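Protein chains in written order, with my numbering: chain A, 18 to 358; chain B, 18 to 358; chain C, 18 to 358.
Honestly, the hints are just simulated from the structure, not real lab data. Computed from a predicted model, the values in this text were never measured in an experiment. Idealized CB from N, CA, C, for every residue including glycine. Each hint should be verified, as a subset may be incorrect.
Claimed, not checked - Restraint ranges, calculated between C-beta atoms of paired labels, are given here:
{"#": "1", "chain 1": "C", "residue 1": "Lys73", "chain 2": "A", "residue 2": "Gly145", "range": "43 to 49 angstroms"}
{"#": "2", "chain 1": "B", "residue 1": "Asp323", "chain 2": "C", "residue 2": "Ala346", "range": "55 to 61 angstroms"}
{"#": "3", "chain 1": "C", "residue 1": "His305", "chain 2": "A", "residue 2": "Pro325", "range": "26 to 32 angstroms"}
Claimed, not checked - Some, not all, of what chain C presents toward chain B, calculated at C-beta under 10 angstroms:
{"#": "4", "residue": "Ala78"}
{"#": "5", "residue": "Gly239"}
{"#": "6", "residue": "Ala240"}
{"#": "7", "residue": "Arg274"}
{"#": "8", "residue": "Ala280"}
{"#": "9", "residue": "Gly297"}
{"#": "10", "residue": "Ala333"}
{"#": "11", "residue": "Pro334"}
{"#": "12", "residue": "Gln338"}
{"#": "13", "residue": "Ala352"}
{"#": "14", "residue": "Ser355"}
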Amino acid sequence: MPDPRFFSVVGPFRLSALAEIISAEIHGACDPECLIEDVAPLQSAGPKDISFFDNKAYQAAYQKTTAGACVVAANAISAARDDLALLVVEDPYRGYALIARALYPNIDATNNLSQKDNIDATAELGPGVMVAPGAVIGPRVVIGANSLIGANAVIGAAVKIGKDSIVGVGASVHYCIAQDRVRIAAGARIGEDGFGYAPGAEGHLKVPQLGRVLIGNGVEIGANSTIDRGSGPDTTIGDGTIIDNLVQIAHNVQIGRNCILVAQVGISGSAIIRDNVVIGGQSGVAGHKTLGAGARVGAKSGVMSDIPEGATYVGAPAMPQRLFWRQMATLKKLATKSTDD
Amino acid sequence: MPDPRFFSVVGPFRLSALAEIISAEIHGACDPECLIEDVAPLQSAGPKDISFFDNKAYQAAYQKTTAGACVVAANAISAARDDLALLVVEDPYRGYALIARALYPNIDATNNLSQKDNIDATAELGPGVMVAPGAVIGPRVVIGANSLIGANAVIGAAVKIGKDSIVGVGASVHYCIAQDRVRIAAGARIGEDGFGYAPGAEGHLKVPQLGRVLIGNGVEIGANSTIDRGSGPDTTIGDGTIIDNLVQIAHNVQIGRNCILVAQVGISGSAIIRDNVVIGGQSGVAGHKTLGAGARVGAKSGVMSDIPEGATYVGAPAMPQRLFWRQMATLKKLATKSTDD
Amino acid sequence: MPDPRFFSVVGPFRLSALAEIISAEIHGACDPECLIEDVAPLQSAGPKDISFFDNKAYQAAYQKTTAGACVVAANAISAARDDLALLVVEDPYRGYALIARALYPNIDATNNLSQKDNIDATAELGPGVMVAPGAVIGPRVVIGANSLIGANAVIGAAVKIGKDSIVGVGASVHYCIAQDRVRIAAGARIGEDGFGYAPGAEGHLKVPQLGRVLIGNGVEIGANSTIDRGSGPDTTIGDGTIIDNLVQIAHNVQIGRNCILVAQVGISGSAIIRDNVVIGGQSGVAGHKTLGAGARVGAKSGVMSDIPEGATYVGAPAMPQRLFWRQMATLKKLATKSTDD
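Chain A extracted, bound-state conformation (with noise of 0.2 angstroms):
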C-alpha cells in the first residue's frame, strides 16, 4: 500500500467501475459490486486491493497471490485461481497505470506546492536544526537535531531526515525517509517520478509513481545527482553508501551498504547491487540485473547481465575482466597483422 504519509487515495471504487474506467471485461467468480480501495503489488496485495500480472517472471506470485481483483490479459486466466477477480484487457500494464490514476489523481497538487510560507507551521525540526535562506520546508516534514538545510533547498511534505545530516544549496528531498548523518549534495534531486510510462498508439500513459525513497545512515549523494522513488515498491539506499556526482538511480533500485557509485554512473529501474559493491565513472546497469556483494565494475562499461558476488566486470557489454582484455588484446593482435599483410 502507497505510504498515505506521502499519498492521498481517493475512492474506494466499485469493482464494475475500475472495470469500465479500462474497458475491461471481468471474469471469475467474483462479485463486480464489490470494493478496491488500493492498488498493490501480486505479492502483497489483499482482498481489498487490485493488482496486475503481465510479466512470467511473477507466474508464481500471481497464482498464490491474495489480491482482491487482478488485471491481465486474456491468456493470463486460466492459470489463476478460480475466485480471483480478473480485469481481462489486452493490455494490463495500461490498465493498472489507469487505475492507480484513478485511485490517486492528485499527487501533484498534494506535493507542498499550495503552502504560503517557507517553513510550514506543521513542520517539526529537532533541536539545532539550521535552515539557511530561501529553503522550503514542506507540511508535516520532520528533521532530526543539528541538520542543516541549505540557502534554497526543498523539502517536500512529510519527508522525514534524521539527525546531523545535510541536505546542500538548491537540492530537493521528496517521498523520501532518511536516516541520520545523510549528506545530500547541492542540487541533487530525491523523489521525483520514476520513468515509468505504459507506451501506446495514443501515446506514453504515464504510470503514477506511488514508492517512496528509504535512504540509511551515513549515505552521501553528491551534487546534482538524481534518485527516482519508487514506483510501488521503494528506492532504497544502504547505510554508508557513497554516490559521486551526476549519478542516475531510477525507480525500484535497490542499492546494499557501503556501496562506492563513481560520478555518471546510471542504474536502471529495478536493479539490485548488493552490499559492498563499486561502479566506475559513467558505467550504466541494466533494468532488472543484480550485482552480487563485492562485485566491481570498471569505469564506463555498461552492465548487461547479472555479476557474481565479488566478481569484476568491464566494457560494453560488460564481461569478466580478464576476458575483457583478453579481447583487446586479441583484436590489437589482429589489427596489427591485418596491417602487416
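Once you have looked at the hints, place chains B and C on chain A.
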C-alpha cells in the same frame, strides 16, 4: 528573425559599420551605407538582414538567399548573386558572431535579472495556477490554467507555458514556448545558452544564441536534464515525447512526437530525431545526424551516422544491431582461440 | 595551508593528542608534546604542519619534507629523516582523514548556513552588480562590477567573483575564486565536496576537502555541471576554457587555457588537462592522467593513459585514432568473413 519577445535588437547598423566591426572588405554591387537591422539564416533572411555562409551544405541556400548582405570567405565570392552585398573575412562564423553580438548586446541583462519582486506584475497567471514559495516569475510570462510552479523554480521573461502543466522545484525555464500538459521535473534547465563558439587564436568567441525552445503537448522532461535553446533556429520537442533524468539536448535539435529518451542520453547540436524514436540510456547522437521514424538505439551507444527509419542500432560507433552482435561473437571466438594456441 | 577565508582551523593539538586520535605509535627523534597547527601536503608542509605519506609516487617529497610530523605505515619508517616525527598506523590516509577532521570540524556549518538575510551585510557588491530575487549571497563575498547573480542562485561565504560575470539561476558557487567575464549557467554546482573517502571495515570515512576552485578569466561553465573543490590542492580551470552542460570535474583536476569540454564529459580526480585540449561529449578521463597540450579526445572515449601533446585519441579504452579505426575495420572484416564460412 529572433523572437522579439525574448531578444531585443539594437540598431540598425550601416553595412559599412558592420564591415568595420569585423574588419571585412565589402564586395558586390551594393550600397555600403544601406541599413542592416537583423541577423537571419540564409533561407529566411530578407533585404534588411545579414546572414553568413561557411558550410558547403548550404551552397544552394547561399545562391538563392534574399538576404541584404552575407558574411563569407574570399573563396565564396564567385558563387554569390551579383547584387548580394558581401562582407569578406577569413572566418565567416566568427564574423557573424561579432555582428550578432553587436546587434544583441543585452541578452543576459534582459533575462528577468533586474526585477524586484518574485512574481512580476506583468506576468499573466491563468485560473487555478499555483506558485509555490520562492518561485520567481519574470516579466510578461504567461502560464495557463491549473499549472503548478514548484518551490524555487524560475520562469524567465516572456516564457509561455500552457495549461495543466508542472514546473518542478528548482527547475528553470527561459526563452521557451511550451504547450499544455507539460511536466518539467525538479532542477531541469530549459533554454540556457547553446554551446556555440567561434574558435580563434585569442580564444573561443561566444556566438549569441538567438533561438528558443519549443515544447509540444504532453512532453515530460526529467530531473536535472538540460535543453539548450536554439542558436537562431529553435530547439523543438514534439508532442508526447518523454525525456528521463540528466539528459542533454543541445541547440537546434529537433525531436519528433512520442519519442523516448532514457536517462543520461546526450543529443548533439542540430541532430534530427523523427517520431517514435527510442534511445537507450547513456547513448549519444553526434551533431547534424538524422534518426528516422521509429529508429531504436541501444543503451550506451554512440551514433555517428544517420539511422534509417525503423532500424535498431547498437555500439560505439553505433551499427545495425545484428552486425554489432556478430562482431561481439567473432571477437569472443577469436580471443578464446588465441588463448588455446 | 587551507585558505583561512573558507576553512576555520581549530587547535593547535599536541602531537601526542593527534597520535591518540588515530591510535598511532610515535616514532622519530621528536617531542611528543610539540604543537601541530595544520595539515599540509608533503611538498609545502612546514614545522607546525602534519602531512601523510602512503603513495610511492611521493617518495622523494617524503624524504625532503619539512613537515613537523607525518602519518605513515610501518614500512615507511626507515625512509624518513631521523628527526621527522612519525605517527605510525596501518592506514595512513585514514589517519590523515581523522586528523584533518579534528582540525576542521566545522566545514559545513561555516558555509553560509546560519545567516538570516538573503544578502549578508558583509558582502561587497561592485557598481552595477544585479542580484535577482531569491539569490543568496553569503558573508564576505566579493562580486566585481557589472556582474549578474541569477534568481535563486547561492554564493557561499568568502567567494570572490570578478567583474562582468554571470551566475545563472539556481546555480551555486562555494569555496571559489573566479576571475572576470566568467559565465556559470543555471544549476551548475561549483565547489561542492570532492569524492574523497578512506575506505575501512566500519565504512568509508569522509576526508575533509580543504581546497578551492580557481576559475580563470572568460571561463564558461554549462548548465547543471559540477566542479568539485580540491581536497587540499585546488581544482583549477584556466582562462578561456569552455565547459558544456552536465560535465563533471572532480577534485584537484587542473585544466589549462582555452580547452573545450563537450557535454557529459567526466574528469576524474587529479587529472591534468593542458592548454587547448578538446574532449568530445560523454568521454571520461581516469584519475591522475595527463593530456598534453592540444590533445583531442573523440566523443564517448575512456582515457586510461596519458595522451601526448597534440595527439587524437578515441575509444574505450582510448587509443590513437588511427589504431582505433584500424581495429574497427579489422573486426568488421573478420565478422563478415566468419559469416561467410
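Problem set entry | Hint check, failures only | Hints 2, 4, 11, 12 contradicted; others consistent.
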